[in-house]
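Colleague: Sequence:
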Amino acid sequence: MKLGTNCALLVVDIQQEDFQTMTVDNLGDPAWDCIRSARRVLDVFRARRLPVIHIQEAHRADHVDFGRELDGAEGLHCLEDSPGTDFAWLTYPLPGEYRVVKRRYSAFFGTDLEILLRGLHVDTLVLVGGLTDVCIHYTAADAHQWDYHIRVVTDAVAGSDPEAHAASLRAIRYLQRDALVTAADVEAAE
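As numbered in UniProt numbering, residues 1 to 190 make up the sequence shown, in order.
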């Protein structure tokens with residue numbers, strides 16, 4: 001794997017809502033494996049001064065922008081003024097890192113992500129975060145449609161359940177045979 005200046009990291013929906021009980025004292029808990037791996041990848045991008053883009057799901061308080069999202073298994077979540085909608089502290093954006101707010105599963109749908117990526121001359125996206133079978137999957141599929149190379153860090157994403165997680169990773173690998181990597185692959189990249 002190569003990490004050139006044309007690569008950007010998408011930190012997808014790593015928000016307080018899912019990590020409220022994570023503390024310095026319990027950071028070694030296996031429940032936090034995904035976010036610890038995401039942090040490892042984030043550290044690589046920061047050390048190499050490569051673009052980092054934090055994707056944040058946020059919905060208006062009157063629910064007008066949920067669309068069909070509430071027809072599925074998810075209830076109300078990520079309301080704009082909720083503390084849980086803020087970024088998780090372990091991967092919190094630093095000054096100079098980009099932030100994109102999204103209202104739907106894909107980070108491309110109805111956002112300025114494509115404009116940002118073109119301005120940064122990016123052709124390869126590395127994805128970490130969640131959920132594998134929802135926002136990661138839809139963002140990866142849209143990135144593929146926009147002709148980006150995609151790399152999903154398999155130990156830095158988590159799904160709604162193990163079967164959905166595995167199925168989504170298979171679907172992403174179907175789109176691009178080199179799409180699945182690990183945090184160790186990113187750390188060892190040229």
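The hints are simulated quantities; they were obtained by calculation from the structure and are not laboratory data. Heads up, some of the hints might be wrong.
To be verified - Label-pair ranges, simulated between beta-carbon atoms:
| hint | residue 1 | residue 2 | range |
| --- | --- | --- | --- |
| 1 | Gly119 | Thr23 | 33 to 39 Å |
| 2 | Pro95 | Ala184 | 26 to 32 Å |
| 3 | Ala167 | His121 | 17 to 23 Å |
Each residue gets a CB set at the ideal place from its N, CA and C atoms; glycine is no exception.
Colleague: Now look at each hint and say whether the structure bears it out.
Modeller: Structure-based check of all given hints:
1. Gly119 / Thr23: 33 to 39 Å: holds (37 Å)
2. Pro95 / Ala184: 26 to 32 Å: holds (28 Å)
3. Ala167 / His121: 17 to 23 Å: violated (33 Å)
Taken one by one, the earlier hints fail for this structure only at number 3.
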